[in-house]
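Spelled out from the first residue to the last, the chains are:
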Amino acid sequence: MEIFDFYRKDRWPHVFCPGCGNGAVMNCFYRAFNELGLELDKTAFVGGIGCSSRIPLYINSDALHTTHGRAIAFATGLKLAKPELKVVVFTGDGDLGAIGGNHFINGCRRNVDMTVICINNNIYGMTGGQASITTPHEFLSTTTPRGNKEYPFDLAEIAVAAGANYVARWTTRHVHELTKSIKAALQKKGFTFVEVVAQCPTNFGRRNRMADPTQMLEWMRESSIRRDKAKANAVDHVDLNLEGKITVGEFVDRNRECYEELIGVSKHG
Amino acid sequence: MKVAPGEFFLQGNEACVQGALASGVRFFAGYPITPSTEIAEGLAAKLDGKEGVFLQMEDEIACISAVIGASWGGVKSMTATSGPGFSLMQEAIGYAAMSETPIVIVDVMRGGPSTGQPTRASQGDVMQTRYGSHGDYQVIAFAPASVQEMFDLTVAAFNYSEKYRVPAFLLSDAEVGHMRGLLTIPDKLDIIGRKEKGIRRSDEAYDVPDELVRPFPVFGKGHRTMVTGMTHTDNSWIEPEDVKVHQELVKRLSEKVLRNRKDINKWELMCPGSKTMIVSYGSAALGAKEVAASDDKVGLLRLKSLWPFPEEPIAEVARNCDRILVSEMNLGMMYSEIKRVALENGCKKVELLSKIGGDPPTPSEFRHKLREMGVI
Ligand SMILES: Cc1ncc(C[n+]2csc(CCOP(=O)(O)OP(=O)(O)O)c2C)c(N)n1
Ligand code: SF4
Ligand SMILES: [Mg+2]
Chain A
1 MEIFDFYRKD RWPHVFCPGC GNGAVMNCFY RAFNELGLEL DKTAFVGGIG
51 CSSRIPLYIN SDALHTTHGR AIAFATGLKL AKPELKVVVF TGDGDLGAIG
101 GNHFINGCRR NVDMTVICIN NNIYGMTGGQ ASITTPHEFL STTTPRGNKE
151 YPFDLAEIAV AAGANYVARW TTRHVHELTK SIKAALQKKG FTFVEVVAQC
201 PTNFGRRNRM ADPTQMLEWM RESSIRRDKA KANAVDHVDL NLEGKITVGE
251 FVDRNRECYE ELIGVSKHG
Chain B
1 MKVAPGEFFL QGNEACVQGA LASGVRFFAG YPITPSTEIA EGLAAKLDGK
51 EGVFLQMEDE IACISAVIGA SWGGVKSMTA TSGPGFSLMQ EAIGYAAMSE
101 TPIVIVDVMR GGPSTGQPTR ASQGDVMQTR YGSHGDYQVI AFAPASVQEM
151 FDLTVAAFNY SEKYRVPAFL LSDAEVGHMR GLLTIPDKLD IIGRKEKGIR
201 RSDEAYDVPD ELVRPFPVFG KGHRTMVTGM THTDNSWIEP EDVKVHQELV
251 KRLSEKVLRN RKDINKWELM CPGSKTMIVS YGSAALGAKE VAASDDKVGL
301 LRLKSLWPFP EEPIAEVARN CDRILVSEMN LGMMYSEIKR VALENGCKKV
351 ELLSKIGGDP PTPSEFRHKL REMGVI
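Protein chains in written order, with the working numbering: chain A, 1 to 269; chain B, 1 to 376.
Rather than coming from a laboratory, the hints here were simulated on the basis of the structure.
Don't take every hint at face value.
[Claimed, not checked] Just a sample of chain B residues kept apart from chain A, beta carbon distances all over 12 Å, derived:
{"no.": "1", "residue": "Arg180"}
{"no.": "2", "residue": "Gly193"}
{"no.": "3", "residue": "Gly198"}
{"no.": "4", "residue": "Lys266"}
[Stated by the list, open to error] Which residues of chain A face chain B? A few of them, derived with a C-beta cut under 7 Å, are:
{"no.": "5", "residue": "Gly23"}
{"no.": "6", "residue": "Asn27"}
{"no.": "7", "residue": "Ala44"}
{"no.": "8", "residue": "Leu57"}
{"no.": "9", "residue": "Leu85"}
{"no.": "10", "residue": "Val175"}
{"no.": "11", "residue": "Thr179"}
{"no.": "12", "residue": "Val265"}
Every residue gets a Cβ at the ideal spot worked out from N, C-alpha and C, and that includes glycine.
Next up, chain B with everything else stripped away, as it sits in the complex (with noise of 0.2 Å):
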């Protein structure tokens, strides 16, 4: 379906709706839960049943799998749920890292664990996004922290999904999911579609981004396609007992995202060279940004992507500055790989800001930690 171009004042939720529209999403699966639920209206108002296929289905296993399904049946497919939900659904994202499926999900963060702060924001699922289900896998993640970027990085998450084959994550929250603001929908937009396995030659040139990927056999188009869950070749024959073909596949899964970090990581920088560094990413950054704004001894660098591990940008960071300060809203999950990074590149110092509860770390909060750290 196409969406017009032009301005628009919605909500963070109804940006990603639009950006799931302008990307041509065809099947969408969801189960009530806040504070995810104004996707799934939504999307139920638009797929209609000719423009595509919306539906309300008995948990997010049933969502996450009938995505999953739709995926090959060559449609773009998606779902979107918060925290119960997400845990709900992680046996079958390691099915789609698994099997290669291009899928995305959208997990609007709740404060967990268990059924926590429903109405209230976190970024407690950005560990689970990564290893939240059993075995080596890589995914995609990105870090909306702005109505517009609910809908530029839902046409990413897309994108990557289709080009890499990978389960796609919108990793946004309740703070951004429910902001307001204004969304800029461009003329012409970059979208990335299915890359289709031909049928007709076997020599057939694939439009596929990199070997490591392979063009991808819808259904119903004659291949005969085997598509499994359990250690198997390329050719989809099951051979749990075979050590080599299980190392191939499962490094394969592994390296095809982390070989093109640079294609896929996006990020924010203000004030680069500052002595001190502010690394954050979604809601947790918004009054980070207004700091490094406004003073300039503290730059900021804001992760748009979280998975892959955008390590060149803060390894960049890093050797360029004396203190880092992490900030997230959780206590402290992509800080300890935050650290890891600065520190093997020469920064010395690696602090956290730590906020949870539901509300985003104040610009003043921000500077409190900095004055504690002797900064300003």
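Only chain A is shown next, with the shape it has when bound in the complex (with noise of 0.2 Å):
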């Protein structure tokens, strides 16, 4: 499948500004997706509001875009009515782990079979650079004019201890192994989180002294720590980003049994 078979050539140019984080992810799921042989007509995907949010509608398939922090909850009615597709969401930091915090814990937990990829830029993109919940100690955004008092708080960290059965975590300097864990996830049965730091020149590589991309694509290169390598550190879990690193790796891969096979609704489709 040609990128543009994949994505809506006719709602080319799309809104992102350039140099952001969300072209080199779409390009990595286009990748997966596309050398996995899945079909458009058999996938929905879901995005609830922001920046990343919006993916869902270049993709050429059903796309449902929502509301802000609900996309899992949406993409889990969806699941459960109609079992044979596949169902992906995109979501954000804020959408993701702010206001829909609750949803993502209980999606882990629940399982219902879905692959949700997470852009995590560390801040409010689409609004213009408030301060997340993921953006790290000390860093400056609008919200947070004399540097962020908060800690930020670890995504794949919440999905691992929350029972997600995949959970990966790369920025956007690994795209190899991006495109391998979105495979991963896209493959197997249940729950599966991809976490994906990414850079957001405009709101937040330009308030952090990063504006060119090229300086957050090295910031992050610079801050990643292989999840080896961290245990290396005598970490045996996850880092929660109190030194300002980014832990990456392939953080867990099990096979809980998913919510549909449990109540008998995947046989029914």
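With the hints as a guide, bring both chains together as one complex.
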């Protein structure tokens, strides 16, 4: 499948800023989806509200662009009503972790078969750069003009603790690993979660002396620690970003029976 | 799932469950809240995964969101709640209106504001039903006053929701939800299914009731539908800055409901032509029924649907009487709407018997008020 069979050519150009990390994630996703030979007519894409949550509307498939924070809840209903559909959610750090935090935790716990891809740009991109639950400590945003005094939330660790079947985190610097993880997530039954730390040069980089997207990519490269390396540093759980580090890797790969199998709905289809 | 025809002695909330099953509900998501919980419990027993899905979720926002998602999967879906949960659902109700998603929401009303009176009846949510979400939109809402109507109007809510692609409400209350009574389930019911968009031909004749209602493109059938709560064109292009697109869309959302008032609205009339008419609905009308049955100077217009606002029957009654007494279990919510229509149509006086606290007004309270008004 050519890239413009996958994406809606008639909706180009997209709304994303030049250098935005969303593009890298979209490319990796397209590649993973295509290499697996998945079918657009058997897949539905769900998004919340935010720059990242707009991605479903660019994909040449059924798309449900919902309300802020609730994408996983919408996706849960859709999947259980039509279990033969593959359901993929695109969401952001604000959408998933702040306003939608409860649905995220319970989505992992309930383990309905869906793949959730969270583009964590450490900021509220769409609304113009307010601090989010993943803005690193002391970083600047329009609502933390003296530096963020709170500590960031670790989305992947929450997913691990809450019971997701597959959890990985990469950055937009790790395109090969990311593509591999998206493939793994799409192939696995149950709730699968891929977090991508991505650059928002417009609203995060610019205020934190990384206005150029390449500076942000460099920051991600410097800050990333592979899970195996993190382990060597005697951290046997996912780092909470307290040191400003981004722990990357595949954190969980397990096979808890998914909800629709447990209630027999997949046989019903 | 088929429900067995016959006569049953049931609780109001149980009759609602039967009505939902008879309508073909295939997805229910709920969160426990008095006095609606029996509806969730009843459907949990029936929707076992094979006959449909029951889901208890983390909060009411999740419930209504999942219900909307399920509807895009092409199944009839529903939730049930009460005051606080209903408030939490409002943003998504606006999304359902904007995305034209058929869903049914049961609100078994209890006394508010806030946690208020969890076990006591009220009619305090009638305006929230109409105006609860931001922006201009119209909904369809029914107000049952008996166990039988908990069944009949649940079926009506499903039917009209499907027919017009709007969120439809059953506005019951703790009194009607928990009352016990006779339910007759007929052998045959008129059930309206999803007005689905065809896939084969673009000129395929769609079974939609009105050119303002668009056929529904169920997910997973190759339509490659885009659904959004943002201002959009007919083929779902996001156009939030396009004034004309916004005007056309939002006006159509209201118009498709308003201009079908005659099809949607339902009421009961007792002793029409009386010079004094009571206008009421739901459990507030129970005492009025007794008064109208026993006193030939007093008639009753009992509204079985509240939204779209039933102007026609109210205007008709107002043209033929001198005085109207509105009765409801809030401080006068429908009263101002009814008064407006009644005065416009020549009725001279419109009074209010308001009662809050949980008990519907009794026949003697009605008589007391009518005596005060100099009617009896
Ligand atoms: C209920 C509600 N509150 C607030 C908003 C405003 N809003 C729109 S997008 C957004 C933030 C999105 O942030 P994130 O999910 O991180 O996405 P990004 O734009 O960074 O990709 C907010 C707060 C909204 N649309 N709805
Ligand atoms: S604001 Fe940030 S996240 Fe949004 S499109 Fe621009 S760069 Fe990307
Ligand atoms: Mg963000």
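Self-check item: Hint status (Cβ of Leu85 of chain A to nearest Cβ of chain B, threshold 7 Å)
Solution: holds (5 Å)
Quiz item: Was the hint right that Asn27 of chain A lines chain B, CB cutoff 7 Å?
Solution: violated (21 Å)
Quiz item: With 7 Å as the cut and Cβ atoms as the points, is Val175 of chain A at the interface with chain B?
Solution: violated (27 Å)
Self-check item: Reported absence of Arg180 of chain B from the contact zone with chain A (all CB gaps over 12 Å)
Solution: Since the minimum Cβ distance to chain A is about 32 Å, Arg180 of chain B lies beyond 12 Å and the statement holds.
Self-check item: Restraint check, 7 Å cut-off on beta carbons, for Gly23 of chain A near chain B
Solution: Gly23 of chain A check fails; min Cβ-Cβ to chain B is 19 Å, beyond 7 Å.
Quiz item: Would the least Cβ to Cβ distance between Lys266 of chain B and chain A come out above 12 Å?
Solution: holds (29 Å)
Quiz item: Taking the minimum C-beta separation from Gly193 of chain B to chain A, is that value above 12 Å?
Solution: Correct as stated: the minimum Cβ-Cβ distance to chain A is 15 Å, above 12 Å.
Exercise. Grab the minimum C-beta distance from Ala44 of chain A to chain B and call the hint holds if it beats 7 Å, violated otherwise.
Key: holds (5 Å)
Self-check item: Hinted contact Val265 of chain A with chain B - closest CB pair below 7 Å
Solution: Hint holds; Val265 of chain A Cβ to chain B Cβ min 5 Å, cut 7 Å.
Practice problem: Would you settle whether the hint for Thr179 of chain A is holds or violated, based on the nearest Cβ-Cβ distance to chain B being less than 7 Å? | Solution: Since the shortest Cβ distance to chain B is 24 Å, the answer is violated.
Practice problem: Quick one: work out the minimum CB distance from Gly198 of chain B to chain A and report holds if it exceeds 12 Å, violated otherwise. | Solution: holds (16 Å)
Quiz item: Taking the least C-beta to C-beta distance, is Leu57 of chain A closer than 7 Å to chain B?
Solution: holds (6 Å)
Hints 5, 6, 10, 11, counting from the list given before, are not met by this structure.
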